[in-house]
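Chain A is already provided as a structure; the job is to place chain C on it using the hints.
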Amino acid sequence: AQTVTQSQPEMSVQEAETVTLSCTYDTSESDYYLFWYKQPPSRQMILVIRQEAYKQQNATENRFSVNFQKAAKSFSLKISDSQLGDAAMYFCASRDSGGYQKVTFGTGTKLQVIP
Amino acid sequence: GAVVSQHPSRVICKSGTSVKIECRSLDFQATTMFWYRQFPKKSLMLMATSNEGSKATYEQGVEKDKFLINHASLTLSTLTVTSAHPEDSSFYICSALKGQKNTEAFFGQGTRLTVV
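Taken in order, these protein sequences are the chains called A and C. Just so you know, we're using my numbering here: the first sequence kicks off at 18 and counts up by one. Just so you know, we're using my numbering here: the second sequence kicks off at 1227 and counts up by one.
Next up, chain A with everything else stripped away, as it sits in the complex (with noise of 0.2 Å):
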């Protein structure tokens, strides 16, 4: 079984600044996935980023990107040059790459991105 933590209900940041979401999970597979997953208040689940446990660099798309800690357990989500447009809530995910390949969610960090 998998668990996923997030640790910070709520967290706001100044438009340009940079933020970053904790995320630690726990698993028993070798191989498995991480994400960071956008949901703004229309309620849409957008893929922001992913991680493949097996690579050691650490996955970047333009703003976002994380620090992947894989003996820690740890999945940090850092938001560059913060945009209004960034606040929603964000959820931290796992995924084994066998049998059925469920995704398990974490609680959600809302995110507020102050003019």
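Errors might be hidden in some of the hints.
Here are the simulated DSS-like pairs of lysine-lysine, each with C-alpha atoms no more than 30 Å apart in a straight line [to be verified]: (1) C:Lys1268 <-> C:Lys1240; (2) C:Lys1281 <-> C:Lys1240; (3) C:Lys1290 <-> C:Lys1246; (4) C:Lys1281 <-> A:Lys119; (5) A:Lys72 <-> A:Lys119; (6) A:Lys72 <-> C:Lys1324; (7) C:Lys1281 <-> A:Lys127; (8) A:Lys90 <-> A:Lys119; (9) C:Lys1268 <-> A:Lys127; (10) A:Lys127 <-> C:Lys1267; (11) C:Lys1324 <-> C:Lys1292; (12) A:Lys119 <-> C:Lys1267; (13) A:Lys127 <-> C:Lys1324; (14) A:Lys95 <-> C:Lys1324; (15) C:Lys1290 <-> C:Lys1268.
What the hints contain is simulated information worked out from the structure, not anything from laboratory work. None of these values were measured; they are calculated from a predicted model.
Just chain C now, kept in the frame of chain A:
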């Protein structure tokens, strides 16, 4: 990317009736789809895994006779909430896996169910 369409986006039904929610993968075939339930300001809770041509796998605590899942084709899975009660009111989201391995999960836009 890929598109997953969920229908309806909102539905209101009376207690005791059944309501069907559809999840379609529009531009890819999905052997596996998932159904989630999301309570207000909460995370997504996996209800069941839907596999094309076979019975769905339900998570612990989810009543399979109440939440009927059918995955009759590679592009369509349906969730039917039977004998709905007000406590079934929630936001239901589906996702579909594109590909067989090392796949991406794409989400529908969700369905807001209100049982009155």
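Against the structure, the hints come out as follows:
Distance restraint check for C:Lys1268 and C:Lys1240: the Cα-Cα separation of roughly 25 Å lies within the 30 Å cut-off, and the hinted pair is therefore satisfied. Restraint check for C:Lys1281 and C:Lys1240: the C-alpha separation of about 28 Å stays at or below 30 Å, so the hint holds. For the given pair, C:Lys1290 sits about 14 Å from C:Lys1246 by alpha-carbon distance, which is consistent with the 30 Å threshold. Taken as a hint, the C:Lys1281 and A:Lys119 pair is honoured in the structure, with Cα atoms around 16 Å apart against an allowance of 30 Å.
With a C-alpha separation of about 20 Å, the suggested pairing of A:Lys72 with A:Lys119 holds against the 30 Å cut-off. Between A:Lys72 and C:Lys1324 the CA atoms are separated by roughly 21 Å; this keeps the pair inside 30 Å, and the hint holds. Of the pairs offered as hints, the one joining C:Lys1281 and A:Lys127 is violated, with about 36 Å between alpha carbons and a cut-off of 30 Å exceeded. Distance hint between A:Lys90 and A:Lys119 is fulfilled; the C-alpha atoms sit about 18 Å from each other, no more than 30 Å.
The straight-line distance between the Cα atoms of C:Lys1268 and A:Lys127 is roughly 11 Å, inside the 30 Å bound, and the hint therefore holds. Between the alpha carbons of A:Lys127 and C:Lys1267 the distance comes to roughly 9 Å, so the proposed pair stays at or under 30 Å and holds. About 28 Å separates the Cα atoms of C:Lys1324 and C:Lys1292, which keeps this hinted pair within 30 Å; it holds. About 22 Å separates the Cα atoms of A:Lys119 and C:Lys1267, which keeps this hinted pair within 30 Å; it holds.
Our distance criterion of 30 Å between C-alpha atoms is met by A:Lys127 and C:Lys1324, whose separation comes to about 28 Å. About 27 Å separates the Cα atoms of A:Lys95 and C:Lys1324, which keeps this hinted pair within 30 Å; it holds. Note on C:Lys1290 and C:Lys1268: the hinted pairing holds, with a Cα-Cα distance of about 22 Å set against a maximum of 30 Å.
Checked against the numbered hints above, the structure breaks only hint 7 and satisfies the rest.
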